[in-house]
Amino acid sequence: MKTDRLLPYFLILPTIIYLLIFVFAPLSKAVGLAFLTDEGRFTLGYFERMFSDGRFLEALKYTFLLTITIVPLQLITALLIALLINTRFKGSQLFLYICALPLGIADLAAGLILLSIFTQHGHLNSILYHLGFIEKPFYFISYQHMGFVFLSIVLAEHWRATAIVLVILVAGLQMISKDLLEAADVLGAKPWQKLWHVILPLLKPSLQSALIIRTIFALQMFAVVLALGGEIIPVLAGEAYFWYYIYRNNHISAAYALLLMVISILMTWIYLRFLRTRSEMRA
Amino acid sequence: MIERGSRRKALIYLAALMVALWVLVPILLIGLAAFSPKDEVYRWPKSIIPSHFSLETMEFFLRSYGVIPSLLNSIWVALLTLVLTLIIGAPAGYAVARFLFRGRESFRLGILLTRMFPTALLAIPLTTTFIRWGLYDTLFGVAFIHTAMALPFAVIIATGIFIGVPKELEEAAMVMGCSRLGAFMRVALPLALPGLAAVAMFTFVISWNEVFAAGILTVHNRTLPAHILTTLQASPLYFRFAGGFFMVIPALIFMFFIRRYLLHMWGATAER
Amino acid sequence: MNGQKVVIALLVCTVVASGSEKITFMSTQLVPIAEAEWVRSELLPRFTKETGIDVVFVGAGYGEFADRLVAEYKAGKGTIALAGGLHGDYTPLVRTLTDLSKEFADLQALGDRTFIPAFVELGRLNKIQAYIPWTQGTYLMVVNKMALDYLPEGVDIRALTYDDLLAWAKNIYEATGDKKLGIPAGPRSLLHRFVHGYLYPSFTGYQVIKFDSPEAIKMWRFVKELWQYVNPAVATWDAMDTPLLSGEVWIAWDHGARLKQAIIERPDDFIAIPAPAGPRGRGIITVLAGLAIPKASPNPEAATRLIEFLTRPQTQVIILKGVGFFPVVKEAIGTAPEGPLKVLADGVMAQASSKDLITAFIPSGLGTRSGEFSKIYRDTFVEIVVKRRPIREVLSRQGRLLKRLFQETGAPYPPPDESR
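Chains as they are written, first to last, in the working numbering: chain A, 1 to 283; chain B, 1 to 272; chain C, 1 to 420.
Rather than coming from a laboratory, the hints here were simulated on the basis of the structure. Take the hints with a grain of salt, since some may be wrong.
[To be verified] One-sided excerpt, in silico: chain C residues whose CB lies under 10 Å from chain A:
| no. | residue |
| --- | --- |
| 1 | 107 |
| 2 | 110 |
| 3 | 370 |
| 4 | 401 |
| 5 | 403 |
Ideal Cβ positions, reconstructed from N, Cα and C, are used throughout, including at glycine.
With these hints in hand, go ahead and build the complete structure from the sequences.
Set out below in structure tokens:
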């Protein structure tokens with residue numbers, strides 16, 4: 001009995017120790033960067049500089065816009081594909097394999113791939129030309145067409161990162177007991193009723209995981225943005241990167257990172273609160 | 001009735017075909033770009049299929065300094081990360097899913113918190129630590145930080161998976177005389193295996209994609225993305241496409257190997 | 001598990017094996033693959049043959065370079081024996097570098113090389129000789145010969161003004177319907193150098209002092225006009241060689257190293273010309289790359305020998321001919337490379353001998369905050385020209401940031417400002 005009470009702590013201990021060493025120790029050093037000058041004095045100057053930066057508000061805006069566009073889109077797409085796979089049509093195994101392909105593709109590579117499509121001499125322009133829609137290349141990725149840049153980033157992220165949601169949902173779907181679904185059939189539930197009242201509630205733990213993971217990643221997204229839009233569309237993580245890597249001020253970079261962290265924590269809190277799983281409710 | 005069934009079937013296949021094309025066409029296009037002659041990249045209008053295939057860009061890319069070793073590095077780092085993450089993270093996921101213990105919610109939140117800080121700010125303080133520990137410029141050093149990045153998510157996904165494995169089955173096994181470990185090994189683990197395969201894949205991908213930490217924690221033993229990022233910086237467009245395509249190939253190979261696991265996931269449900 | 005160890009051991013061996021002495025040379029210069037290949041296969045083997053010291057050349061981005069030097073400095077032991085970087089790369093890193101005053105004196109004592117004094121002076125940071133000059137470069141324009149048909153009448157291409165440039169780009173646009181002017185504006189581009197080192201000195205005579213002035217307002221109105229003829233895709237280009245080769249841009253401004261590839265691939269199609277002049281003169285930047293030995297260098301002796309080799313007049317000429325990086329020792333200056341790089345060298349020479357030159361330097365003394373200097377000019381450009389925000393409002397806001405930056409760091413204004 002006593003071992004049973006201690007068992008969970010033994011199981012989580014390695015994770016805790018590992019994260020203390022490799023995350024929290026460096027993290028605490030990094031948090032200091034945002035609030036302390038090189039001489040060790042407390043200052044809010046770095047945050048002040050961040051808020052007063054000409055690109056700050058835009059970065060904040062686009063980070064939110066991209067996240068709230070991409071994440072729901074991915075969730076819906078992945079759910080539809082997962083349900084499609086769940087019909088168990090012949091060849092669905094191959095289909096799942098194909099759909100999971102982008103999973104192994106780095107965001108840098110995905111950015112380069114989409115660049116080869118959207119660049120002015122790229123495939124999309126060539127196809128439009130051959131179809132007779134345009135005479136000259138159309139500049140999809142330029143300051144004049146912020147909308148297209150935004151769209152291409154959404155498409156790139158949607159293409160690249162939907163696979164992970166899909167895999168989580170397929171894994172979750174197959175955990176759902178067939179008996180329950182058959183019971184629903186026996187009771188005469190229509191497909192959408194089955195989806196809404198049986199599948200989705202049971203899929204909640206998977207949906208919650210997928211949602212949290214994708215949101216946090218979407219908030220930190222910048223490699224794709226960089227490869228496709230350069231500086232045209234600023235995002236918070238990109239600003240943190242630029243301040244760190246190009247403008248060499250890790251204090252302000254840390255301030256951006258802290259802000260991102262606060263936003264991520266808020267979002268996660270919201271998800272955990274509004275998408276409670278059953279065992280949590282009991283607790 | 002038959003009519004409706006076959007129409008439904010046709011719709012399913014049509015949908016599947018469209019989704020498959022959506023996934024495959026971009027990969028195909030970058031492949032075309034990588035195997036076109038160099039000057040094709042700048043040509044306008046481009047023909048949909050390049051005039052002829054050429055290996056010159058890919059050959060130059062492959063033969064240039066450091067590409068092959070960095071590829072091997074990437075694979076080793078990703079595998080090390082995967083093993084470390086599963087060994088450390090899966091038990092934690094199981095604990096969160098199965099036990100109501102004090103501090104569980106704090107643990108979950110703490111875990112999530114760790115992944116909300118951009119990599120940059122973990123990596124910089126770690127460089128000095130790693131040099132002191134002799135981990136700087138080693139594959140293990142990179143794998144350690146990749147594990148730190150992947151672990152929180154591995155725990156979260158594993159939790160979701162173990163919640164999905166009915167607790168009652170395990171309890172039944174214990175009633176029938178299995179030890180706790182035995183019940184876990186014989187009942188929970190086999191049922192969770194396909195899901196854990198998803199964790200493994202996810203971990204592999206995190207490590208494979210990671211550029212920042214890998215770039216600053218190594219000098220000679222660079223991973224492929226770090227190597228490509230530093231050399232592609234000021235390279236011409238055709239070169240970038242070749243690099244982009246080359247980064248995709250290992251992903252395809254990897255997915256081919258893991259494919260059996262995907263099938264396994266499928267098989268598990270079909271049998272039930 | 002064993003197999004894995006073997007493979008790791010093999011990987012380590014390929015790096016560590018061969019040669020008794022081996023040092024690592026990390027550089028932010030010569031990073032593009034073709035150049036790095038040249039360094040590894042043509043340049044460094046000469047040194048190895050002479051000294052028996054193997055050199056591993058590692059190309060690095062600027063951020064990576066800085067991170068690693070700082071990390072190795074803090075840890076007190078390092079892997080990088082010798083560093084090669086731009087003046088601006090070093091300014092935030094001085095505390096991590098060895099004072100090379102003695103080594104510099106030794107080099108001069110050899111008597112075979114005369115460093116350009118201004119460059120040596122630039123290398124003195126925080127009272128130490130932080131680096132020894134290595135190569136110099138500049139920004140200029142490369143023009144597709146097709147554009148020459150549209151050159152406004154009576155314009156001397158070797159003494160172009162900004163007004164000529166505007167008229168020229170306008171001519172091309174009206175005749176072809178295409179915007180063929182190119183200024184790099186991608187995230188890793190050197191757009192800020194164009195603003196603070198070319199536009200500002202040419203129009204106001206200074207880089208910093210007249211940031212927010214009536215002359216500057218006039219200048220920005222002009223830039224907005226010019227922007228109408230700039231290719232809309234510039235935001236995706238970090239270097240102008242790509243659009244020059246694709247024909248999307250006919251007239252391009254950029255760093256010589258970032259224009260070079262176009263000339264190398266099609267030497268007969270392009271010419272290199274001096275950057276334009278404004279009302280105050282022809283503002284240009286000279287960039288200096290230097291060699292430095294980190295305090296954590298595992299082998300400073302070998303690094304010193306490599307510095308001696310790389311700054312030798314013969315080697316400087318080899319570097320010029322091989323990759324088009326210009327010499328910093330007087331004995332090597334004046335040698336023109338043959339072949340495609342001659343086109344580039346001609347342009348550089350023409351620019352250097354312009355009579356109305358205003359030479360601007362990248363500021364030193366801003367330390368870790370030198371990146372912010374670049375950011376202010378970049379942001380100003382984007383806000384005024386791209387986002388079309390009111391000029392006065394942007395200039396006064398960014399001007400305050402600029403003023404604060406120099407106040408807080410106590411840095412001197414960069415030339416030409418200080419030589420008022």
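Results for each hint:
no., hint, in the structure
1, 107, "violated, 30 Å"
2, 110, "violated, 35 Å"
3, 370, "holds, 7 Å"
4, 401, "holds, 8 Å"
5, 403, "violated, 14 Å"
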